[in-house]
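**Student:** Chain order of the listed sequences is U, V and X.
Oh and the first sequence: position 32 is 32 in our numbering, straight run, nothing missing.
Oh and the second sequence: position 87 is 193 in our numbering, straight run, nothing missing.
Oh and the third sequence: position 229 is 498 in our numbering, straight run, nothing missing.
I should point out that these hints are in silico values taken from the structure, not numbers from a laboratory.
Fair warning: there could be bad hints in the mix.
[Stated by the list, open to error] Think about it this way: if two alpha-carbon atoms lie no more than 25 Å apart in a straight line, the pair counts; the simulated DSS-like pairs of lysine-lysine are:
(1) X/Lys-368 / U/Lys-92
(2) X/Lys-629 / X/Lys-697
(3) X/Lys-706 / U/Lys-92
(4) X/Lys-368 / X/Lys-414
(5) X/Lys-629 / X/Lys-613
(6) X/Lys-613 / X/Lys-706
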Amino acid sequence: MNSQLVSIFLTFGSFAVLLFIIGIYCILAGYNLIRALIGVELLIKAVTLFLIVAGFASGHLELAQSLIITMIVIEVVMITIAVGIVVGIYRKTGSLDARNIRNLKG
Amino acid sequence: MGLDLFILVALICAGIWTVMARSILRSAIGLALTSAILTIIMFRLNSPLAAVFELSVCTGLISVLFVSVISLTQPQTPKEIIEHMKLRLSRFWFLPILVIILGVGIIIANAKLKVVSAQAHIEPDVRFILWHLRQFDLIGQVIILLTGVFGVVILFREAKKGE
Amino acid sequence: MCLALILIPFFSIIILNLPPREVNKRIAFGLVLILTLGQMFLVFFPGCNFWKMNSGVFGSMLKIDLLVDNLTLIMLFCIGLIVLVTLFTSRQFIGPIEKQRNFINLLLVVLIGMNGTVLARDIFSLYVFLEITAVASFILISFDKELLGLEGAFKYLLLSAIATILMLSSIALLLILTGSTGFSEVQAVLKTLNPNNPLLILAVGLFLAALFIKSGLIPFHGWLPDAYSSAPASVSVLLAGIVTKVAGVYALIRIMVSVLGFSPASQAVLLLIGAVSIVLGALLSLTQSDFKRMLAYSSISQVGYIILGLGSGTALGIVGAVFHIFNHCVFKSLLFINSAAIEKQTGIRDMDKLSGLAQKMPVTGLSSLLASLSAAGIPPLAGFWSKLIIIIALWSAGYYTYAVIGILAGILTLAYFLSLQRRVFFGKLTREFINVKEASFSLVFPMVLLSVIIIGVGVFTPVLLDKFILGLGNILGG
Chain U
1 MNSQLVSIFL
11 TFGSFAVLLF
21 IIGIYCILAG
31 YNLIRALIGV
41 ELLIKAVTLF
51 LIVAGFASGH
61 LELAQSLIIT
71 MIVIEVVMIT
81 IAVGIVVGIY
91 RKTGSLDARN
101 IRNLKG
Chain V
107 MGLDLFILVA
117 LICAGIWTVM
127 ARSILRSAIG
137 LALTSAILTI
147 IMFRLNSPLA
157 AVFELSVCTG
167 LISVLFVSVI
177 SLTQPQTPKE
187 IIEHMKLRLS
197 RFWFLPILVI
207 ILGVGIIIAN
217 AKLKVVSAQA
227 HIEPDVRFIL
237 WHLRQFDLIG
247 QVIILLTGVF
257 GVVILFREAK
267 KGE
Chain X
270 MCLALILIPF
280 FSIIILNLPP
290 REVNKRIAFG
300 LVLILTLGQM
310 FLVFFPGCNF
320 WKMNSGVFGS
330 MLKIDLLVDN
340 LTLIMLFCIG
350 LIVLVTLFTS
360 RQFIGPIEKQ
370 RNFINLLLVV
380 LIGMNGTVLA
390 RDIFSLYVFL
400 EITAVASFIL
410 ISFDKELLGL
420 EGAFKYLLLS
430 AIATILMLSS
440 IALLLILTGS
450 TGFSEVQAVL
460 KTLNPNNPLL
470 ILAVGLFLAA
480 LFIKSGLIPF
490 HGWLPDAYSS
500 APASVSVLLA
510 GIVTKVAGVY
520 ALIRIMVSVL
530 GFSPASQAVL
540 LLIGAVSIVL
550 GALLSLTQSD
560 FKRMLAYSSI
570 SQVGYIILGL
580 GSGTALGIVG
590 AVFHIFNHCV
600 FKSLLFINSA
610 AIEKQTGIRD
620 MDKLSGLAQK
630 MPVTGLSSLL
640 ASLSAAGIPP
650 LAGFWSKLII
660 IIALWSAGYY
670 TYAVIGILAG
680 ILTLAYFLSL
690 QRRVFFGKLT
700 REFINVKEAS
710 FSLVFPMVLL
720 SVIIIGVGVF
730 TPVLLDKFIL
740 GLGNILGG
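Isolated chain U, as found in the complex (with noise of 0.2 Å):
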């Protein structure tokens, strides 16, 4: 690998860790449930940026976009499972504040 590979693989990767630091705010930052899944997003496109570039970086370009395409089918199910969990807790409690279904003790 030479140096200017090297140099995008460590701008891009640095991007994506303070993209995953973003996330992870997002996830502490508040009680709501639908914005702790929008941080899960969030740490899920930073998963991904950071996988194309080690592709990109390491010359295996094509294995990385076919282990993408393979991530995002599953991000998409699980998220829809996490939206209908959410939507059941609606139901449940007419809230999607986390302090008010805290009644799991951890």
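Using the hints provided, position chains V and X relative to the given structure of chain U.
**Tutor:** Same frame as chain U, but now just chains V and X:
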């Protein structure tokens, strides 16, 4: 590289807007925007197929999903919005600072890290890889889509019946 | 040919959902029964053609390379056993026939997901099938759409999503380091790398953190007691018995042994997390009054033993770890079936309100006593031998402190299980429970089956040791 940097900064800005937006609806739009900018980055990194998937599924489908769940549930009351504004500033004031420190740290460390190179070689096409080398993943995709259908049947449809 | 373990359940799902549905509803139970029994049966013939790649109908059509070794076979047996047991348990708890069909569909999806996880020989395929298992479990936990179940599922979903994202980041790092995602390819390149490469350390750390979350080890255990205790009774059996064992612990062992390899740092982390989980899990389960929450914390403690065995880094330690996975699957699902039976018959899960049930529910009482003693490591029951192997492995590898912690924590285990027995099964039978009856056949049968396994494996371990169990260690050498 200059253009790429600009797009990356735009990506981060969209991400920050997603987190900081007042209403969840705007957050969802911010997410779609983030995803759209990511698509541009993918195009610039020579991965058109994955980019098309990202654009159609993430920017399109997931935004629709979020917007519909937001419309299914009540909008936030003004009180909740104000509380959210307060919380995000008071409880996690250190996080933005952490972001900056980490970013600077990574950029400084850039020079020191050494990535081991993998041999460059010509790779087969994405479609070939997916259909011939990663058939196991394809089976997995089919099964998870099936699971998604079961999940929707169980979580959404019966819930409506019960009302 | 062993791809059939994934494809046959898959086609079964399709057949079950095709018309004529009225007929299919009746055959669903029998179909799953045959599938799981067949899977368990085939494991006893590791030499037969079924386990060879690229043979048979599926082998010639699809070019999929799967991983079959002793660890895989043991896990496939456990998966078959616990899915079978869950199937029986579910007859009592999942009411209308429409719901039963949905449940069996999801049960088959979980079966496929776990089989795929165990058979995968590629990090990314491992992720794909882990995610199938996880998504199906989210739906199963919220199956009754009770608030608690939905909440437990959401917590599990959030933490599991974070875990998979950490895992994917690690996969990306391994991709850039090695240019591949196959187990053997990655391992071959990693051996040539400098172990102090910062990207490699980051990749190992991320992968371990992800799998610690998935196995619910302390301090990543936040979701586990909630998910276990809020799930419907038969789903708890499945979750505690096998799902988290495959999704977390098996994946951890496989990744450490077949991909990343042991390094002093990673061993230290494993030993530390294992010991903390054993001790804190046992202490926390002493303080619980809810039957299922207590079992959940005890599960954390027992998984700690498995991680401790893995952390020793020797072949003997891994043998002990895998043997303990098997024992844990058996006794923990038995205990969860006991709690399900008690909940079904009395409607109460709070242990302080129960007492004297051993007189009214003799099978439940006796089998739960057996499972508790096996978990606490009382000879000659099965749990004793696996713990003994783990502790011997730790001692001979020179980790004396951890071996002593393991022995001392055994006393804690005994303490909380005896407290459970005393509170629930012994003591005076109050008037409230005078009319309680023993649970019905579909709960008693799995209890008897699992009790027989506990006693049988325990008694015959000295005989089987050389032939079967120690043979497990050869996964380390390849």
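**Student:** Each hint should be assessed against the structure and marked as holding or not.
**Tutor:** Verification of the hints:
The suggested pairing of X/Lys-368 with U/Lys-92 holds, with an alpha-carbon distance near 20 Å, which does not exceed 25 Å. At most 25 Å may separate the alpha-carbon atoms for a hinted pair to count; X/Lys-629 and X/Lys-697 meet this at roughly 12 Å. Straight-line distance between C-alpha atoms of X/Lys-706 and U/Lys-92 comes to about 34 Å, which puts the hinted pair past the 25 Å bound. A hinted pair counts as satisfied when its Cα atoms are at most 25 Å apart, and X/Lys-368 with X/Lys-414 qualifies at roughly 12 Å.
With a CA separation close to 14 Å, the supplied pair X/Lys-629 and X/Lys-613 stays within the 25 Å bound. Simply put, X/Lys-613 and X/Lys-706 have alpha-carbon atoms about 10 Å apart, close enough for the 25 Å limit, and the pair holds.
In summary, the one numbered hint that this structure violates is 3.
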